[in-house]
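One letter stands for each residue in the lines below.
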Amino acid sequence: MNWNSVRGILQERLCSRTEGGKRLPKTRLKQWLDELYPLDYRIGERLAICLCIDLVAGALTPDQVVPVIKRSTSRAPGAEHPLEAFAAAVEDLGCLCNHTHIAHSSYARVLNLRTYSSFYHEPSIPGAFGDELELRLLKEKLDAGQEEGAPMDAIDRTWSGRRPIVWVTQWTFVSELRKRLGEETASELNDVMGLGFEGEPCKRTFYAIRYPAEFPIVCRQPTTFDAAWKGLTYYLSYKKHDTWGLTHACSGRPCVCSRTAPAAPERVHPAFEAHLKFFRCFPLGTAQPASDDVDGLLAAAYERLDGALRAAVTETGQTA
Amino acid sequence: MRPEVLKKYSEFSAEDWREWIVGAIRRQPVSPPLFLARDEDVQHGIQDAYASLPSDKMRDALRSGLTQALTSTPVLPHDEQTRIQFAYLFRIAAILKPPDARNFLRGLLKTEVFSGVEAAGADLHCLLVGVCAKYGIDSQFIRDLHAAIPRIGGWQYPLACFRSVALGSADGEEACRFLDYLVPALADGAIAAKLEDAMEVCMRMHGLESISRWYQTHENSTIREHPRQLALLEARLNQLLAKARTRDLLHALALPKVLFQKYGPEAMLEFVTGHRRERDACVETLGKLHELGLNWKLNDPHSLVLFERQYRPDAPITLSLNGHDIPLDLEVHEQEYWIFNEAMRYTEMTPATLTLMRQNYGMTYIV
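Chains as they are written, first to last, in the working numbering: chain X, 1 to 320; chain P, 1001 to 1367.
With the rest of the complex left out, here is chain P (with noise of 0.2 Å):
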């Protein structure tokens, strides 16, 4: 920042920071004059001034400016260019954070002022959403939130709340109601797309223990009433667990389960063997599976208690089969290509997968 620009700047009131914002925004000469580079836009721009300010008092004459900016734009939302302001407006704040706008901002999300109404390619309610979210997530927030999905509708506002949610409260519970909204207006992949986007962000967050929660919950309800947005769902979440971190995998109760249910042990093998290093990990996934009754049939009379004892992170995995306790790490030859054939009467793996398996990892994290 040039020292004379820097001078203009500090003499700035909140009064000429609102001058100057809304003057930028609506492409009018400012002095000083607001430079972008080549890609840059106008929200850039204030946001590269606001971190130039060398002191407290001159940053809070900004975000006082960008207050009143906010709050002396007329509400007028059928007016392309007060919509276009809102915009901007809405999107510098949510990184500025001005205290004193919170009140306002929440006023025009409860009102839904801005509800269906669009401007420089976003939805203004959905921008508001997060925008306010940005503020903290408070109780009364997430009722006003749920409150409004029966008269907005649509994927975009519960993928708004969703993410917004996810990104602003302590964990992904809150977030992950806003599902139940969102999966049945999947109506094609582009959508899907943004709700994987979404899904991830969350995961990142919070991991997979709450997506796989709701998953676990609503699978066989609410989902499976839309198959479509079901398959849509689930190729997503399986793109999803390619990306997961394997302590976020610790977790992933259902989504292994996805995984497995729709591709298959193949499959399944690439899954787990994406994160290899991680051997406690594997153990884990896999003992989870067999807790859910995926590759081995518990019920069955032989009854084959894989992973006898739960998983420990020092545990040596021991087999019960048949009344044997078979130590898994065995190296001898013949035992585990018995165990290898009794596993065989009683999966639906194939030879050709578990052979893969075993050559991946050896018979102890297996079976």
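With the rest of the complex left out, here is chain X (with noise of 0.2 Å):
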């Protein structure tokens, strides 16, 4: 696998008239590859992977993609970022993902001090704001709930993020890496999550917010649509039929790093507005930055794209 094959299969996919009609034509399709390869970090390459793991998994279709592309591609050459780009196209779009929903009790959504206060705790207070004075008196509070989890009845603003998504993973996830590692949860989380975030204190302290058992709103597989492409994160789309996305660790794989936990079970959700009253926010400690290896990432990414392709082979024969 390599960037050929990527190309190759985005010509494949999106190039000829798609079933729903749309067909994205070649030029514009390689204008857009061309631009996104040699991005700094090879996000870029790693975007384009990601959209064939979906499209070639069925998570989503030539239909859904193609507009997106002509949209991120419809601009002045030079005028604007092609990640930016990409990123407003698919502001709107979000939990697309076309895999059958498999419905699951507990979740969880792991986010920094900062995001809590400025997303949620800012919002719902008249008065308050996200200073370094304030962020130390929010922490003090949230940690209390160490045990029991800490009451957000407090908070009545839309639970989504910059974008109407949530992140999710699974709370048993989270309570038993807690159980386990204590103090060092935060670290393990911001690593084998992808969240990979350094710099600040309030931007690496983290909490898990733990869902009501038997959350209402469905819980899908997230796609290259749901990720943030506007900086260095770590998403890598995934083929299984579990209805789970899989976190990529920021440090590469396991076998070479010290951490212990597994990957991560994600999904994504619609934003809501109700009252939170009925979620718990569970402190995980402040993690040590995490050392990152973009090789490895891509080495995953081409691994996924592989993995994906030979299952799709596998179906198709089984489907004959």
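In case anyone wonders, no lab produced these hints; they're calculated from the structure.
Only pairs whose alpha carbons sit at most 30 Å apart, straight line, appear in this in silico DSBU-like list of lysine-lysine: (1) P:Lys-1097 / X:Lys-141; (2) P:Lys-1057 / P:Lys-1007; (3) X:Lys-139 / P:Lys-1097; (4) X:Lys-277 / X:Lys-141; (5) P:Lys-1097 / P:Lys-1110; (6) P:Lys-1007 / P:Lys-1097; (7) X:Lys-30 / X:Lys-70; (8) X:Lys-70 / X:Lys-22; (9) X:Lys-179 / X:Lys-240; (10) X:Lys-141 / P:Lys-1243; (11) X:Lys-179 / P:Lys-1243; (12) X:Lys-240 / X:Lys-30; (13) P:Lys-1008 / P:Lys-1057; (14) X:Lys-277 / X:Lys-179; (15) X:Lys-139 / P:Lys-1243; (16) X:Lys-277 / P:Lys-1243.
Assemble the dimeric complex from its two separately framed chains, guided by the hints.
Below, the structure written as structure tokens:
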């Protein structure tokens, strides 16, 4: 598997007429891929691989992908960074995975102190801000929920992120890690969930928000459209029909680093507006910055694409 | 931060920063591009850019650019884009505090131009209260805040005032004056939860003394006229006490009273046992309860005089009972039993509670 394979797969899937009658001109695809390939940290290359995986796995259809690439490329050359253009094109597209939903009973969202403050605490509490002093007070308040979780009944804002998408994992995954690792949980999650936060402590101080049992909103496997591409993130698409995505660690493969946790299952759900009375916030500690292995990430991306193609061939054979 | 990005930032003038900040907020393409992680917002990107700048000169340029962004944004409260832009700029200004923006922000606050105006889920006037308070609290500021209350009303504004002043002032007294307006406006439990958050901030900054004093002053006047709101407040005060540090409780003259009167001796016991490691503080708190006449009837003819000597850190506490001085750390079972039974006559506590208290503290710390 290499970049040429990616080009070939995308051309094959997107440049012939799709079921919905859409078609991406070859020149436009080529122009887009030529812009993506040289980007720093190989982010553009990974974006294209992830799209391939989603297309091969059936998580996204060509009819969904073609308009996005058209929007991403319908700008004056050089006017906008290609990743910004892609991010803008998928801004309102989320939770589109086509895999059949399988219910799960206990979710958790992992987020850092700064996000908690700026998206939920500050908008809910008039006069609240996210400066160092207030973040310390907020941390003190949230850290009190070590055993039972801190209540979130003062929060009444849309449960969302910058985009109307929320990433969740399994509560059991987080709680088992907490039991096993204690204060090291944050460092492990920062790495194994591919969060990769560094810098100020408020970015590296993590909390797990435990969802109430039988959370009614459908959570889907994430796709390339759900991931953030405007920065060094570690998202990789994944072909497995258990309707869970799978994080990739910042530090690369488990065999070459010190972490012990397995990759985390992940899903996304759309934003919702509700009181968070039944949600609880559990402190996970402050993480050490994770080391990054961009080449390892790309190698894993190609492996996942290879796996997806093999599985697709097997499935086609079985169907035949 | 990548070196080429840093190099570009280092060449930015204040005007360049203004353009970059406004462009980022409007989600327009900016150069260098603003890269954000999954759950990060524009304000985080600007904060991070500021934090990455290596020299004061570069940081000052960014802060001047922020001032320019504030002052050059048209004040059009009915225009959604303008409102959103101000909401972001206020949030960033509260953190970076550009010095030359102070008067402009105070002017916006004083003219109440954003009163009742919301953007991105936040009340802009309340944001202004908070951001202005970050520059320091002075008497004129406090007067301006109070003066606006009759015009603004509601619960959000007094809550923002209470919280912001509590954070920025030397003690909690000024802040608690805003509770006069806030408590009658407590419409439901959700607002009460926000009040608890703000009271917790006040407690962390100044201890419980000011809240407790405010409660003592008002319990028989203002808030009694609002029984439903009082119930909400007391329930939240109860939650707050559970989070209090023992040294804060030493000032909680009125607050244990809330707990005691509302929930009775069992809850009181729970409250004290939550802090039993701090023996001195427990004795002090119980002593103060006693001063308030809560658990003992001081005016009773038998005149149980507990804590005859006021609490001192080194005190072996002596109980004067019907003319007998009894050191309370005695391990004499008969005497203890006698005190116990005498005490029972003058207290509303149940035998079970007193037994429980005795088990936890020994008689020394209870009677």
